[in-house]
Amino acid sequence: MGGVSVDTGGKGGRRALDSEINLIPMIDLFICCISFLLITAVWSQMARINANAQVPGPPDDTKERENVEPEKMLTIEMKADDKFTLIWKSGATVHATSEVPKKAVEFSQGGGLVQKRYPDLAKEIENQCKQYCSHKNDDDKKLDQAILSVDNRAPFSDIIAVIDAVYASKRKFKGLDINQFNVTFSAR
Amino acid sequence: MSAKPHRHFEHEMIKTPGPRLMHAVRLKFVQKRVQGGGGKAVNASLNLTSFIDFLIVVVVFLLMSFSATGEIPVDKNTKLPSAEHTVDMVDAPIIAITGTNILVDGVAAGSTRPIEDSGRLMKIDELHNVLKNKRETWKQINPKADFPGVCVMSVDGRVSALVVKSVFQTAAFAGYPNVSFMVGQIPKTQHGGGGGH
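First to last, the sequence lines map onto chains A and B.
With this note's numbering applied, the first sequence corresponds to residues 1 to 188, in that order.
With this note's numbering applied, the second sequence corresponds to residues 189 to 385, in that order.
Just so you know, these hints were derived from the structure itself, not from any lab.
Don't be surprised by glycine CBs; every beta carbon is placed ideally from N, CA and C.
Any given hint might turn out to be false.
Estimated spans, in silico, between C-beta atoms of each pair [said to hold, decoys possible]:
| # | chain 1 | residue 1 | chain 2 | residue 2 | range |
| --- | --- | --- | --- | --- | --- |
| 1 | B | Pro336 | A | Asp139 | 52 to 60 Å |
| 2 | B | Gly287 | A | Lys83 | 28 to 36 Å |
| 3 | B | Asp305 | A | Cys33 | 49 to 57 Å |
| 4 | B | Pro302 | A | Leu29 | 53 to 61 Å |
| 5 | B | Phe239 | A | Lys141 | 51 to 59 Å |
| 6 | B | Arg214 | A | Leu29 | 26 to 34 Å |
| 7 | B | Gln373 | A | Lys103 | 21 to 29 Å |
| 8 | B | Ala333 | A | Lys142 | 22 to 30 Å |
Simulated coverage check for chain A against chain B, where a stretch passes if three residues somewhere in it have a Cβ under 8 Å from a Cβ of chain B [claimed, not checked]:
| # | region |
| --- | --- |
| 9 | 26-33 |
| 10 | 147-154 |
| 11 | 162-176 |
Generate the whole structure from the sequences, applying the supplied hints.
Shown next as structure tokens:
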């Protein structure tokens, strides 16, 4: 039997000098823990990526309407096969338009679905955000708005790749890293 | 024939041969070892230290990878896309698109065929009703709490944007504006660039 000897000193004729701690219950406990954890283990790690439909709430008649200047929004057009078009707009006013070549990094995570990422697009959005983003302060909870204008035939994996590139832009809010943008879809 | 008389040594000048070292150590397991005598012990004791070490390592690893949120049911034929900048899953209705079927928490809630046939954005009435009922139920159960309006879409990576946008829009109309897309997690890179192979 397994045990741990503890030398307590002493002489012959008295109680045994070395007592043994019974390790069997501890081993039983470990085996129970391992069994429980193995049975309840989740091997497929799922996560989610946010989007927001930006549905406005009902108008509040008690509050006086203020003439607030519309914020700058980033529209990402992914309708062309070879490029993305980034448009910074506030209302109908276009502030800047630029094009980013559609250079995808392809990878496979098993299951046969070849997936894409757009690191160049992520970098370009991050650079442009320094100039055009409205919400950068550490105490500003609001996020900038990014609108995806997607071709109807585009596969869903492409949409996720672009949303992922948009969410690569981060900023600080009360010391925590948060997304710079909130993503929604163009209704057209 | 008479037996040979047994010889006694009066002064114990000659002692029985055997091990002499370590006899002063008053530990049982040391005494047992040094006494020797006879062949190999019948009951051998296993050294459990390495076994316990192994168990501890396994328990620590499993505890670190333990997820309390539970497993999310995903259809085996659905190949979810993967993303890097993700957040943890939440407990919310799951809208799954499997083949041409739309399911809400495993219950059928419409088909994608009319959308594909029409080729334009459409509101899916069946999905809208199911989600609206779910929202009403939630509000009855939690009368004082604000409705979070969160739902999770589990969509195959090959599904067309038209179907995704139609479902997204329907969910928003039904009172679920915060739509999340279920994705696989890929390890984070330093600058958001590159990709796993």
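Q) Taking a Cβ-Cβ distance under 8 Å as contact, does the region 26-33 of chain A have three or more residues in contact with chain B? A) Three-residue rule met by the region 26-33 of chain A, so holds; n is 5.
Q: Given the hint of 22 to 30 Å, check if B/Ala333 and A/Lys142 actually sit that far apart at their C-beta atoms.
A: Since B/Ala333 and A/Lys142 have Cβ atoms about 23 Å apart, the given range 22 to 30 Å holds.
Q.
26 to 34 Å was suggested as the range; check whether the CB atoms of B/Arg214 and A/Leu29 agree with it.
A. Since B/Arg214 and A/Leu29 have Cβ atoms about 32 Å apart, the given range 26 to 34 Å holds.
Q. Given a hinted range of 28 to 36 Å, is it respected by the beta-carbon distance of B/Gly287 and A/Lys83?
A. Between B/Gly287 and A/Lys83, where Cβ atoms are some 33 Å apart, the hint holds.
(Q) If I claimed the Cβ atoms of B/Pro302 and A/Leu29 lie 53 to 61 Å apart, would that claim hold in this structure? (A) The hint (53 to 61 Å, Cβ to Cβ) holds, given that B/Pro302 and A/Leu29 are roughly 58 Å apart.
Q) Do B/Asp305 and A/Cys33 keep their Cβ atoms within the hinted range of 49 to 57 Å? A) With Cβ atoms ~55 Å apart, the hint holds.
Q. Regarding B/Phe239 and A/Lys141, is the given constraint of 51 to 59 Å on their beta-carbon distance met?
A. holds (53 Å)
Q. Between B/Pro336 and A/Asp139, does the beta-carbon spacing fit 52 to 60 Å?
A. violated (24 Å)
Q.
Verify the CB-CB distance for B/Gln373 and A/Lys103 against the hinted window 21 to 29 Å.
A. holds (24 Å)
**Q.** Given coverage of the region 147-154 of chain A by chain B, tested with a Cβ cutoff of 8 Å and a minimum of 3 residues
**A.** It holds, with 5 qualifying residues against the three required.
Q. Would you say the region 162-176 of chain A counts as covered by chain B, given the rule of at least 3 residues with C-beta under 8 Å?
A. holds (count 5)
Hint check: a violation occurs at hint 1 only; the rest are consistent with the structure.
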